[in-house]
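Student: Dock chain B against chain A, hints included.
Those protein sequence lines, which keep their order, are chains A and B. Quick note on the working numbering: the first sequence kicks off at 1 and runs consecutively. Quick note on the working numbering: the second sequence kicks off at 466 and runs consecutively.
Simulated from the structure, these hints should not be mistaken for laboratory data. You may find that some hints are simply not true.
Some chain B residues near chain A, calculated using beta-carbon distances under 8 angstroms [what the hints assert, rightly or not]: (1) Ala626; (2) Tyr772; (3) Asn806; (4) Phe831; (5) Phe835; (6) Thr882.
Note that the Cβ used here is the ideal one computed from N, Cα and C, for glycine as well.
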Amino acid sequence: MVMATTQRLGGLRRGLALALVLAVLPAVGASAQEQLAIKGGRIIPIVGEPIDDGIILIRDGTIQAVGTDLEIPIEARVIDASGKVVLPGFVEPHSPEPLVQPNEVNPNVPFVTVVDAVDPNAIYFEEARRNGVTAVHAIPGNSTMFGGKSAVVKTSGTFAEDMVLKRDAGLKLSLRPAGSTSRMSHLARLRRELDETKRYMASLDEKAKEAEPESPDDEAEGQGSEGEPKAAQDEDEEADGGESDEESPSDDAAPDAQREAMVRLLKGELPAFLYCEQAMDVPHALKLIDDYGMKATLILGRDCHKAIGLLAGREEPVILDPELVFWETDPRTDRDDQIVLPRLYREAGVPITFQTSGSSLSSASTLGPSLLWYQAATAVKYGMPMDEALEALTLRPARLIGVDSFVGSIEPGKDADLVILSGEPLKLGTWVDATIIDGKVVYRREDDTRMKALLFPDEEPSAPE
Amino acid sequence: MRCCKIMLERFQDRRAGQGLPLPESSRTMSRSLHLRIRAWVAAAAPLVLLAVGPAAAAGDDGDVLIRAGSVVTVEGETFAPGAVLVSGGVIAGVGASIEAPEGAEVLDLGEGTTLLPGFVDVDLPGGVTGPSVEVTREITPRFNPLPAIDWSSRSFVEALAGGTTAGAFIPLSENVVPGMAPVVKTAGSRRVVEAEAALVVTVASDPASRNRSRTRPDSIYVRQPTNRMGVVAMLREALNRASRGAEPDLDTTLPVEADPYEPLRDVIQGRRSVLAISRTDYDILTVLRLAGEFGYAPIILGGQEAYKVAGPLAATGVPVVLGPLRINGPYGPERTELAWNTAGVLHEAGVAVALSGGDLLEQARFAARFGLPEEEALKAITIGPARVLGVADRLGSIAVGKAADLVALEGDPLEFTTPVRWVMVDGVVQFPRPKPSEED
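This is chain A alone, in the form it adopts within the complex (with noise of 0.2 angstroms):
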């Protein structure tokens, strides 16, 4: 396999990464306009047919065709994937484990955000390269009543800051209890909290009313207050920095800091993730998002299956426990049952969705369901159809996390995160050979000097070559 890496850094990332990543890779090139193309090898775009000895051709870390009959630009860097097979960078929707303590001790904490917690050198990012999952909803975890925000990231990165694809994806909620809280109390005082936000919401109204007349300036930001324009900022926040129009102190009828993520959800402008740990949870959490006319991603615990039939019809893909399969006992009767999670959402019309980060990791077995991929093969023994489990590593997840324009197929105009794998997918001997984010290849399982020490432990690390 000959694979060039290349890299133009100039203006995009800071010089540390630029340092870093010098370090890591051999070639940097030094082309002003960084091309790269991959040819040769099976390309599952997920969106569209597999296209078998294709191309792709990326610039600046995006994808610029994909097709058989492309002309490869003389400048361009080549990676030639033939006999592999070429598929989107895998997206993993849910993931506490990039964050260092991802559990804030005061349970209601809506105003915080993961960026500030997102360790780019956890454990978790090396894995996530290592298996080729290239981007991840890195979130609050299940303890916390308000989580905080989340954010999309990439897998690889210096500064979190850098890794981040959206910001403030999503807020998290939790239904499950922390330390001895009761149920009762905690939903409580959860349905306390958006009340009181929405009586903020109509006192901002309301004072946005008062200021109506003296100043005309002020009408557009009244306006902006109800929703649309704001969100469009939203989006744009991370690209161009957007700092500017929340800026002014004497503006009353702007949401302060420490609620403004409250006031977001209720808008329906920053969607809820809300954990369920139990079955008991699931209608609780539909009538909040009913009640409060929130948009919700729901994260299902393992009891979670005894709700299906309220989760029946929903075409929001939910996002599943790790241990997809395992057993429970009857308390009455004692009779033990398989409980197959993949199988019974497909028998009820519930997409799914995967996540390799849960309490009940900790009763695996193998190290199976640490693995996303792993996830889906689990659920193709189950009866997903192949290109369902690649969708739901990818295009699936990425539409859930909102960051479907940018990743989760191979298609112009996307970043160009991909995986090369050494053969067809999901299959005991197919390792992931090389992931590449943004077109720069971010890992290469040649110059993967842990996983060799971890595979051939008896053999003397040698010199770097």
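Tutor: Below, chain B alone, put in the same frame as chain A:
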């Protein structure tokens, strides 16, 4: 590889030759223990039948012919396509094609399917109620988890659904000599295969972990050993006393036991196999050293760092039963440094390897992914562990005369996407269970 096989066989032969080891000296007492165990099993049998339901009662004797896309016998050749004839719960024929005897039920699994022998787990997880060790003394060689086994435990059903049809219960490593490991089936009406398959000893820090030189004076934990050296010293002392026929040391050994040193003597004389719970490289070397001093052949159980001492293990022909590879954190139990391909490294060096600790098929799949040859990965969950437990004459491969413990798979056994279709124990399909409606 060869030498260890020979050694193992030698030990099996010896044991077989002795007709299950019960030397004259203590026959009376040990018989009473046996009787006790037997009584227990007899008492438990109806319960077991109830738990399993009518599936066990039905079709016990009729012949069954199974045709599969391929029949992996594990010890012999693989037949593709293949057929297995089951008669009276025992395998009566194996081949590329077998004519169905008159009146035989025919199970045609179809193309692409695979038939494997039932898996054998040296360290069955769960299944025992309460701690499976008597902690009042350190040397309790005669204690056996058998009476504490909950025969209707979910652990059995889980193991069965994963294709595991038999396995051993290892008493907890809290004691220097925790006791005997019985081999049992995970389903069926005859659950106990071998009541005392192997003696378990601990060469790790576990027995010392709770003992304190100073704590409440009436605590049983005011005792030795309090460190790893003490564990080894106590084991060596027990073996020494046993070999010279000394009276039991009541400080370390429970007086209720009938000649507690007898199983140790059996070990020294090569009449009983011994499983040494041992994880770090230096503990494994200690096991080898002790075995050398007393001249017996141990089997390593755990073996998380065995890859570091693959050479000595291969040279002495000592097999290794690996515990499950988990990666919740960088270290394994006792802060062992885990390697993903321990099984592959050991096999490469010529060490016999078995996988244990639940989810055997998934473990074999990962072992194969990480470097153990596929054929060996299947052996490591079937004939390998059966040999370790000394039951390879009855279990562990598809061969005429062995128990009809079989696993039917929908495809390539080592692909992650291949589900188990059914699992047969002693000629009866026990998983999946019949639907409630069909049970009546």
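Student: Take the hints in turn and mark each one as holding or not.
Tutor: Now the hints, each set against the structure:
| no. | hint | result |
| --- | --- | --- |
| 1 | Ala626 | holds, 6 angstroms |
| 2 | Tyr772 | holds, 5 angstroms |
| 3 | Asn806 | holds, 5 angstroms |
| 4 | Phe831 | holds, 6 angstroms |
| 5 | Phe835 | holds, 6 angstroms |
| 6 | Thr882 | holds, 4 angstroms |
The structure meets every hint from the earlier list without exception.
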